[in-house]
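Mind docking these for me? Both chains are given alone in their own frames, and the hints should help you get the complex.
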Amino acid sequence: MYLEKKYNDFRARIRGFAERVIGPHAAKVDETGIYPPELFAAMGKEGYLGMVVPKEYGGSGFEFLEYVMAVEELSRVCGSTGLSVAAHNGLGSSPIVRFGTEAQKKKYLPDIACGKKIASFGLTEPQAGSDAGNTQTSAARAKGGWKISGTKCWITNASFGEVFNLTARTDPYSKGPKGISAFIIERGWKGFSSGKKENKMGLRGSDTAFLHLDELFCPEENMLGQEGEGFKLFMMTLDNGRVAIGAMALGLAQGALDSAARFANERQAFGQPIAAFQAIQWKLADMATQIEASRHLVYHAARMKDLGLPLVKEASMAKLFASEAARFVTYQAIQILGGSGVSARFPVERMYRDMKLCEIGEGTSEIQRIVIAREILSGVENLFGGIVAGKLS
Amino acid sequence: MDFELNEQQLLMRDSAREFAQKRLAPFAREWDEAEEMPKEVLAEMAELGYFGMLLPEAYGGLGLDPLAYILALEEISKANAAVEITLSVHNSLACQAIVTYGTEEQKKKYLPRMAKGELLGAYCLSEPDAGTDAGGLKTKAVKKGDCYVVNGTKNWVTNADFAGIFVIFVKTRPELGREGISSMLVERNTKGFAVGEKEKKMGLKCSDTRETYLSGAEVPVGNLLGQEGQGLKIAFSLLNIGRVGVGAQALGIAEAAFAEALKYSQQRVAFGQPIANFQATQFKLADMSTKIEAARLLVYKAALLYERGEDAAAEVSMAKVYASEAANWVTNEALQIHGGYGYVKEYPVERYFRDARVTEIYEGTSEAQKIVISRSILKKS
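So the protein lines, in turn, are chains A and B.
Position 29, counted from 1, in the first sequence is what the working numbering calls 1024; the numbers after and before it change by one each time, with no gaps.
Position 128, counted from 1, in the second sequence is what the working numbering calls 1250; the numbers after and before it change by one each time, with no gaps.
Quick caveat, the hints were computed from the structure, so don't treat them as lab data.
Treat the hints loosely; a few may be bogus.
Stated by the list, open to error - Quick list of in silico lysine-lysine cross-link-like pairs, DSS-like style, CA-CA up to 30 Å:
id: 1; chain 1: A; residue 1: 1100; chain 2: A; residue 2: 1023
id: 2; chain 1: A; residue 1: 1192; chain 2: B; residue 2: 1322
id: 3; chain 1: A; residue 1: 1050; chain 2: A; residue 2: 1040
id: 4; chain 1: B; residue 1: 1385; chain 2: A; residue 2: 1023
id: 5; chain 1: B; residue 1: 1502; chain 2: B; residue 2: 1467
id: 6; chain 1: B; residue 1: 1320; chain 2: A; residue 2: 1023
id: 7; chain 1: A; residue 1: 1001; chain 2: A; residue 2: 1023
id: 8; chain 1: B; residue 1: 1230; chain 2: B; residue 2: 1161
id: 9; chain 1: B; residue 1: 1385; chain 2: A; residue 2: 1191
id: 10; chain 1: A; residue 1: 1023; chain 2: B; residue 2: 1467
id: 11; chain 1: A; residue 1: 1192; chain 2: B; residue 2: 1320
id: 12; chain 1: B; residue 1: 1385; chain 2: A; residue 2: 1192
id: 13; chain 1: B; residue 1: 1385; chain 2: B; residue 2: 1260
id: 14; chain 1: A; residue 1: 1191; chain 2: B; residue 2: 1262
id: 15; chain 1: B; residue 1: 1230; chain 2: B; residue 2: 1265
Chain B extracted, bound-state conformation (with noise of 0.2 Å):
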């Protein structure tokens, strides 16, 4: 085992930081209660190269190896966990999508947009009848002449506002059920293309995330990914890294909520000694950082892993159900630490509490993930 980061990886890790320190942390309560980012922000990660992380140089990417990327994900959630979906979602599920299962053609015509940060992505599997079972998906496509029509609602879809592409999974042979689904790429300015209102969310505020409306939209033939029928699997194996993108931005909120609470420890003062002096104060600091240590590994190893090639699904799963786990149970932590002023805005463990749940639901529940680690024990043993 090896546990140092090479040049490249320190490199993205510590401009991440700088660049999340200085232009997210101090806004993020701002933009929390605004429920919005400002599109400059976008701009000034674009700039960075951030929107094409993982993408190959030849298109305009930075070309990181999947933990150097993973890396950045963690620097950025530290600061702004919903700054982090947004990047995640466009870098993870949706570049991937194109760049793994594109043609030559599609990987042309979007990816150097995309890798600019001109042309945002988005990805729709979730519908509001199926969710954790992605296979029971509704929407339909039937190919007329050069276009598939296509009819059904995607939820929860992460940067709808502002995203120029989406990735959506349909089923174009619905009486083959799972193996009828296909997937294909939805520019934004499809006639019978619309996106709904805005999410009331419990966290991840001023991220993006809306419901949205296919009637009719008529998709050309040409922007089909891979092969008909093999929707679930490309959907499947783009979440592998999309999970340990949670798994980081898990990880990044527990660190976060971690350093304010070791913070506040130390200063506040009761029973005439810093709460940092209690036993009980010390083994929660303890724990809380004995789960982030565990979490850290096993997402820089899912992260390895996944770069390797090698079939990693389940311990994809472990790291995403582990890290979520933990920030839920760090943040919850970090917020008893600071007491009544946890429960307020005006300290960060608060919104660190609300961003932390959602790692557990999206990008398959801790449930699903569960689902793939048994399945996967079972299977070889």
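With the rest of the complex left out, here is chain A (with noise of 0.2 Å):
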């Protein structure tokens, strides 16, 4: 696609330090479920932590796009990495930075940019999923701030992340989205604590686990934007979240589609390699151009949060498409490698279970058509007066 020369040399450089550095880990770090710490120093030393973070609070500073095209390459050679990697950038650093006080800016983002300290999120909880707004989580007011209860579930960077930036019920009374807030809270709270890990399908390098809070104190400095505005804060922080999991979508496809043309073009059947058989050149070219696709749709929601428009929809587009394109092409990966496709001893077998995540994180796919229609008939009701969506859920 059309891309400026700086951003192909962005490209160029990030690919060289996926494939050099953390590609030769991916296999291992899927096996055991361990991730070893110097990956992390080693892309904190590139800046690759403090990729949305200005310059002047010790972050890359890079454009969303860039940012997003980072994501990509990374989970080209290991899903899980993509994973931890926006997690911690996307869902850490990323609300701070948009939303945070200049003292909370000047106290987290230095250590979270250079990966000093690594941070995440937490909204679901294990009633509140698709429902997010159902946040049992409660914040108690207390002298000089708050006192934090409850379970938040499946948190990327769980087990060793040491700044969340999560949501809290702060009005008792209220239901629904309203009356939740935002805090930032410290690993070494007291009332703090994670859970074991989880046992996932794919991305087994990235860490999953609960976050547990006992009265968890958290000063009044601490919340981040507005009391009662968490719901609406966090929802802005998924609308980047999501390109950034079309991200990681694409890169796991880009990654079996080359595994795949590289399988085809050297597997013998029948007297000449399977990339000379049209269903198999069929199957590349639908691949490639699902990938190509998913690319535009990634990319443009990237360039409009660059721009400053609203991309609630292009987020929620880029994230299905690409989540469902990166399943049809690692699962076109796997025909293509036959009985090798289901085995560990390639890589597409782990990027298939890889790929899983990207319809369920951030929100399920059917969420995402949730929020596309709700935005498509928002529209619709402004033409014709209509009536239809405030009725969606």
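Okay, structure coming up:
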């Protein structure tokens, strides 16, 4: 696709890094579920842990498009890395960059940007997944701050993250999205604990666990944004986060296509490389077309973010399309590899398992469709004075 | 058309269901994580006659008709698809090889022990460089005195770790290409025969899959199965019932995933009501169950045609390709309905999703099935 030279140079740089430094660990990371801390350190050194943090706070100050390309390239060789990095940057540092006070930025961003402290966020709860407005975690007023109690689940980087943005209900009489506020909390605080690591289908090198908050005291100055604004701020965070998950799906799909194309050229059957068969050629053509379309949607959403345009619909479309495309592409890659496709000897087996999260995390595909439909129908309402939009849940 | 099952079929289905739900389903996760199934469960299944389901009673088998057999496999797969393939390979590919193509001597020598589960069977067709193109296999057998000396490597061999008898396909006359392929029975303790490390797979993790190596293995000429040069024909004809079995396996996985999704959708509350109340969920459930129903009809019909001895290769391939695609589609939707819980091992859909994937690969990829189907269509027109 058309991109100015500086983006192609950027991609070449991060692809080189990903293939050289991250790629060789991908299979082992998946098998053992252990992520070597030195990989975080290496990414920190290159500025990949402060991608959306402005330079004045020690970050790399990348454009959002560059950030998205970086997630794509890291995911192309290792989905676990892609997810952990996206959570750290997009969910950990980004809300502080966008909604934090000057004091919060100064206190947290430099350590997060260099990777000294890994960050993430906590929205989902056991009884509040797609229905995220059903937050049960409570924050009760206490002297000088808030006492937070509750449980957050599916938290990326939970076992070692130091800083978490999370939501809690500050108005006990409220229901649904209203009355929820956001806070920045730290691992070391009394009342903080994380659960055992989730045993996931894929992305096994990326840490996922519960966070338990037991009367955790959070000082007033660590409220993120205004009281009662939490749900809105997190939804805005997810708009960006979803573009990154789209990028992750894109990277996994590209990795699978690259593997499958190489295999198709090398593998001989019926006296010729299987790439010579039309059935294989058409698979490759469809895979590449799906990837290209995903890339356009993902980059387009990223560009809108860079231009400061609202991207609710575009972010959801990018994530929805790219993650379904990744399922199609990794699926076909396995078909092309045959038995080798379901064997851990080749990376597509891992990519297929990794891909599946992209249709779940940061809003399932079903939720993306709700978001997109709501955006479309709210436009219809304006044109015709209609009545449907408010009814959507 | 008759959609009624006969008494034997119903009995087999119900008893297999009872056994599988009691003895297999509760341990499926544990065995998946351990990547092993306990030997005792094989012994229990032997006791029930599951290792001789298609074999005539004269050899100690249950003498089931193919549909009764397929119904049992479906039930077992619902509980644990890895156990299903262990049985399916033994019954469909190994026992059937001998009962269909073996000499009376071979039958007497092997079948009674196979039916009792004392001797388990494996099937070795694929090689590292010959999968879909099975005719391109390279393992060679050279006649020397009263033995064939066999050299080569076979891969993706199910049951390799504990099988006692391996049905292998070799080139006895490489210069003839596909026509130079023969089939023979190799006993485990044959000198020069060895099995490799257990494969790390996406799914069916507690079934055993390995490479097997033949280096100067001496196989008595009496172990030739059928005639020299008949090998590929034998291989493909065995795959007919094998593929119906994979169809039944896919069907079982899809049904299990659907049952979980249905249950979960009625329990999980979001936006103040069970998610089964949402039309998007309802339509998913409708599509899942329609695909399952279609897969079931194709699989059962293939079993009936197989029983009648008709040339049913195309219908068998249709059943396999459709059921395996449906299983992958259904398990994916079941996972979506579970959301994050679908992605972790606490819920069985995570395993169903992984287990379903290989049904579109082994015993002929979907692409190989489409070669069979299209060839049959074009030949008829």
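Hints versus structure:
{"no.": "1", "hint": "1100/A x 1023/A", "in the structure": "violated, 36 Å"}
{"no.": "2", "hint": "1192/A x 1322/B", "in the structure": "holds, 22 Å"}
{"no.": "3", "hint": "1050/A x 1040/A", "in the structure": "holds, 14 Å"}
{"no.": "4", "hint": "1385/B x 1023/A", "in the structure": "violated, 36 Å"}
{"no.": "5", "hint": "1502/B x 1467/B", "in the structure": "violated, 48 Å"}
{"no.": "6", "hint": "1320/B x 1023/A", "in the structure": "holds, 17 Å"}
{"no.": "7", "hint": "1001/A x 1023/A", "in the structure": "violated, 33 Å"}
{"no.": "8", "hint": "1230/B x 1161/B", "in the structure": "holds, 26 Å"}
{"no.": "9", "hint": "1385/B x 1191/A", "in the structure": "holds, 27 Å"}
{"no.": "10", "hint": "1023/A x 1467/B", "in the structure": "holds, 20 Å"}
{"no.": "11", "hint": "1192/A x 1320/B", "in the structure": "holds, 27 Å"}
{"no.": "12", "hint": "1385/B x 1192/A", "in the structure": "holds, 26 Å"}
{"no.": "13", "hint": "1385/B x 1260/B", "in the structure": "violated, 50 Å"}
{"no.": "14", "hint": "1191/A x 1262/B", "in the structure": "violated, 52 Å"}
{"no.": "15", "hint": "1230/B x 1265/B", "in the structure": "holds, 25 Å"}
Hint compliance for this structure: hints 1, 4, 5, 7, 13, 14 are not met, and every other hint is.
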